[in-house]
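Student: So the chains spell out like this:
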Amino acid sequence: MKLVLSTSNIMGGGPSVIRRAAFEKSNTELTTALRGNIVESQQGVSIENTDGTDNRTHESPPPFEAWTSLEDSNLFIPAVDFTHSGLAEDRPQYDITVKLFYLPDVPTEQRGAHTREAIDLVLKELHVPSIDLLIVSFPGVAFDADDEEEDEASDDVASGRSSSENGEIDDIDVMLETWRALEKLHKEGIIARLGLSEFGTQRLMKFLPKTSIRPSVDQINVRDCCVVPKPLILYAKQEEIELLTHNDCTNILPRGTLRELLGPGHSGAGILADHEREKGLHGEVEPQWVVKYTAVVKNRGVVENKGYFAVAKLV
Amino acid sequence: MGLLATGTPLEWPEAKKVADHVRDWGIEQLLAIWRRAKGKERDALLWGDEIEYLVVCYDDEEGRVRLSLRQADILKALAEDEKLLSQGGGVPDLQRGHTNTGDTAPTFHPEFGRFMLEATPGKPWGIGFKDLLDVEPNMKRRRDIAKEHMAPSESPITLTTFPRLGSPDQPITPYYPPSGPKLRSQFVPDEIANPHIRFPTLAANIRARRGRKVQVNVPVFKDEKTPWPWWDPSVKYDLHNWPEDDDVRNGAVKENQIHMDAMAFGMGSCCLQITFQAKNIEEGRKMYDQLSPLGPVLLALTAATPIYKGFLADTDVRWNQISRAVDDRTPEELGEKPLRDNRWHIPKSRYASNSTYIAQDPRLRQEYLDPELIIDPALKQRLLDGGMDDLLATHFAHLFIRDPIVVFAEDLKELDLDAADHFENLQSTNWQHMRFKPPPPGSDTGWRVEFRPMEIQLTDFENAAFAIFIVLVTRAILSFDLNFYIPIRRVTENMETAHARDAVNREKFWFRKNPFPEKHTKGAEEAGSRGPSRPASPKGPVEAEHALLSIDEIVNGQTAPANGATSSRATQAISKAPDDLFPGLIPLVESYLDSVNVDVETRCELAQYLSLISKRASGELWTAAKWLRGFVRGHEEYKADSVVSEKMTYDLVKAVERVAREEGRDGFGKEMFGR
Chain A
1 MKLVLSTSNI
11 MGGGPSVIRR
21 AAFEKSNTEL
31 TTALRGNIVE
41 SQQGVSIENT
51 DGTDNRTHES
61 PPPFEAWTSL
71 EDSNLFIPAV
81 DFTHSGLAED
91 RPQYDITVKL
101 FYLPDVPTEQ
111 RGAHTREAID
121 LVLKELHVPS
131 IDLLIVSFPG
141 VAFDADDEEE
151 DEASDDVASG
161 RSSSENGEID
171 DIDVMLETWR
181 ALEKLHKEGI
191 IARLGLSEFG
201 TQRLMKFLPK
211 TSIRPSVDQI
221 NVRDCCVVPK
231 PLILYAKQEE
241 IELLTHNDCT
251 NILPRGTLRE
261 LLGPGHSGAG
271 ILADHEREKG
281 LHGEVEPQWV
291 VKYTAVVKNR
301 GVVENKGYFA
311 VAKLV
Chain B
1 MGLLATGTPL
11 EWPEAKKVAD
21 HVRDWGIEQL
31 LAIWRRAKGK
41 ERDALLWGDE
51 IEYLVVCYDD
61 EEGRVRLSLR
71 QADILKALAE
81 DEKLLSQGGG
91 VPDLQRGHTN
101 TGDTAPTFHP
111 EFGRFMLEAT
121 PGKPWGIGFK
131 DLLDVEPNMK
141 RRRDIAKEHM
151 APSESPITLT
161 TFPRLGSPDQ
171 PITPYYPPSG
181 PKLRSQFVPD
191 EIANPHIRFP
201 TLAANIRARR
211 GRKVQVNVPV
221 FKDEKTPWPW
231 WDPSVKYDLH
241 NWPEDDDVRN
251 GAVKENQIHM
261 DAMAFGMGSC
271 CLQITFQAKN
281 IEEGRKMYDQ
291 LSPLGPVLLA
301 LTAATPIYKG
311 FLADTDVRWN
321 QISRAVDDRT
331 PEELGEKPLR
341 DNRWHIPKSR
351 YASNSTYIAQ
361 DPRLRQEYLD
371 PELIIDPALK
381 QRLLDGGMDD
391 LLATHFAHLF
401 IRDPIVVFAE
411 DLKELDLDAA
421 DHFENLQSTN
431 WQHMRFKPPP
441 PGSDTGWRVE
451 FRPMEIQLTD
461 FENAAFAIFI
471 VLVTRAILSF
481 DLNFYIPIRR
491 VTENMETAHA
501 RDAVNREKFW
511 FRKNPFPEKH
521 TKGAEEAGSR
531 GPSRPASPKG
541 PVEAEHALLS
551 IDEIVNGQTA
561 PANGATSSRA
571 TQAISKAPDD
581 LFPGLIPLVE
591 SYLDSVNVDV
601 ETRCELAQYL
611 SLISKRASGE
621 LWTAAKWLRG
631 FVRGHEEYKA
641 DSVVSEKMTY
651 DLVKAVERVA
661 REEGRDGFGK
671 EMFGR
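So the sequence lines, in the order shown, correspond to chains A and B. All letters in the first sequence, in the order written, are residues 1 to 315 by UniProt numbering. All letters in the second sequence, in the order written, are residues 1 to 675 by UniProt numbering.
Simulated from the structure, these hints should not be mistaken for lab results. Be aware that one or more of the hints could be misleading.
Unchecked claim - Here are the simulated PhoX-like cross-link-like pairs (lysine-lysine), alpha carbons at most 20 angstroms apart as the crow flies:
id : chain 1 : residue 1 : chain 2 : residue 2
1  : B       : K254      : B       : K222
2  : B       : K16       : B       : K413
3  : B       : K670      : B       : K654
4  : B       : K40       : A       : K298
5  : B       : K337      : B       : K348
6  : A       : K210      : A       : K184
7  : A       : K210      : A       : K2
8  : B       : K123      : A       : K298
9  : B       : K337      : B       : K38
10 : B       : K413      : B       : K17
11 : B       : K17       : A       : K298
12 : B       : K130      : A       : K237
Looking at chain A on its own, in the form it has when it is part of the complex (with noise of 0.2 angstroms):
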């Protein structure tokens, strides 16, 4: 079974959108609004069900049956209603921005069908043919300012000296066999522009002239945005490729994240079982992606909508 997550519009639905501090997680967003989210769902159901009668915090959760949907063994968790455009004023009016993050220990060569699905459930969600730009980003790529100092000739860039967190390291003939799959959507006019995140200038060099369809943008996070490195710079700029900032961690989604999230307990959504005897689905959770839609309505640089998929397998 594949679990769908969503947060629906998480602009004005308070404390998940705003960083409190820096010292916080930045995948607090992400995982604050999808159970933001969930709850908000089940307490629409208790309302439903006790005829607005307000006693629901003393309940316990409604069956996540009832505000879930299952449709074609795809698990929406909360059932997402697709109705209504999410966008209120015309597709000219705005720029919509989407980041896609593959996550670790997920085969490669799945990616071309996860890509191809995200971009679906985004147009799906903003009642919209196309997006305007598609960023993404590779497990366990970071951006090191200082690996940038260090000699050109340096080989092992992509060998994983820069990367931390996650010990998968993609090499680029991965990432651009996957990249492949970006041109087609681009190609068939579903994506103008296709951007990178947390590349650096060798890295780059590498990967551009092996593209059809070169990125025009590369997102570095906030933190490093001072400090970017001239060669970089120059670089981007000679090729035309945009530097743009970004406050996502590379590991958006740990399994133990989510499975916390679904599981039974006090802040858990209810869905997956503990025990083999505990009511709820059984098995292991194994987050395949996420991807975050941001719609901006250009002349005005008002954040109208913002939101994430995120889609795990349940096995």
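Based on the hints, put chain B in the right spot on chain A.
Tutor: Using the frame of chain A, we list chain B on its own:
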């Protein structure tokens, strides 16, 4: 400053007779504008900043500095030069060091003070992030251009007030004696005001309506050797040029207060004002309301006015002095005499903090409004009859309780519904800390909101920082659907609080604890396409919604740990009561920036601006007021008696110019910049 229409201005007794006439026509013009523009939609965010300068003139041999009254000459030089600019030549190398080709040249405007100059960008800014990068260089360019059109001994400086304006040594050039027929001030001459007929008439008619001179009294700063009780030693009690010379013999001077007596002491102050264009009238009304509670906070944060008329004041900001300098209320309206000829007792000056909220927003609770708001019921009824909704009609019927001050005889012959002159007559002489501006007739401009409380900063770095900060705050407000509502009377209270010396670090301000929309529930959702946020009707006592917060908490957030606090403590705080801890304006802006595509260069620049504001709020960096006060108290000539001498003023103005040039990079003024 608005358009400088001209004609034959009516003296006060005549102007008073036609006040109803002007108001009636003003309301008709407003209705015509409103009908035409209420459906205006999808305007882009355009915004503009206004930088105001004092023009000073050095006498380096004598070690003196004076205000230059050559505004007209300087503007003439600029105007002629602009002609050259548009002809494509004649001005070599206009912007040394701040090259920005392809720009529209900035524009310069007269201001009330004849020693002032105002400069605005040649075209409005957008929200493109590259635009934001141009703001500071553009401000620097404006300063350079202004300087280049002055005499070598003159300089534009961005100090709110001239430290010794109105002192017995008359620090103005050329010299004019005080006590003229228009201002009747014993401290400054009529020539201190812009000679355009509008300005002296404004000053004279305010005085005439009031029945005496304006009284601008500011508490003096009590230093170690300040005589106490303190009576302003520069006041002359034996003048007999004008009937108003009696004012000081009738108690206009107060104990322990610096005494001033003319419009120039207030309207001669420099401010940093920002105007935004809204998407439509609805968004404009929302921005007006949501920015209103931020006004006092930004006033305290930008504090830059610790000196008046040669004395250290016990306040840090200009606001109330301007308010008193244009206060045209009669003794009856002030409540000093029973009402006979006047209609109302009016609690605030024409220049004051806002008294209305105007958004058609379900989050606006009745309790936030001023229950004793003074309005003109007949004019409100006319607006209602014309189709305007109650809230907006109330707002304008409140502004229209005032009399028009400057009326030109020629304008009363025929009502032109395609013009806005009568409406603007009242609108633009209501100087509140927010202004809601309808589209001007015959232009494509949309509904606009002006944010007016900020003090001008010494450097363009700071002016750009605060201008851009406010722009980003509006984007965060609209994106996150933030709610800053508190009762409007609390905003008024905050405005007073903002005056205290070092209010930015020492005072607390009423502020809404939870700015986020009500939690929505899935069952009751989805009226429109805009997603989840259909706010539920608010509940709970109004008093529980807000609390007294420090500026640090308002700007940096209540959970942001002070130096060295551990993350676990902060995490605990979050898990305890996240809804009751204000997240902070800077974290809100950061979150907004995290949600949009910003290039690294822009983000890095913005980080410097946000860091400045964050550290001003925390007290790590000083406001200009604190630094200027410190400069005086540390001066070798200072005798700890609150007196700011001529030599000290000279050194201070030189210091201010050095700060504007170096921005702390040479270590001078590093308390303000941290670099």
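Student: Which constraints among the numbered hints does this structure fail? Numbers only, ascending.
Tutor: Hints 7, 9 and 11 not satisfied by this model.
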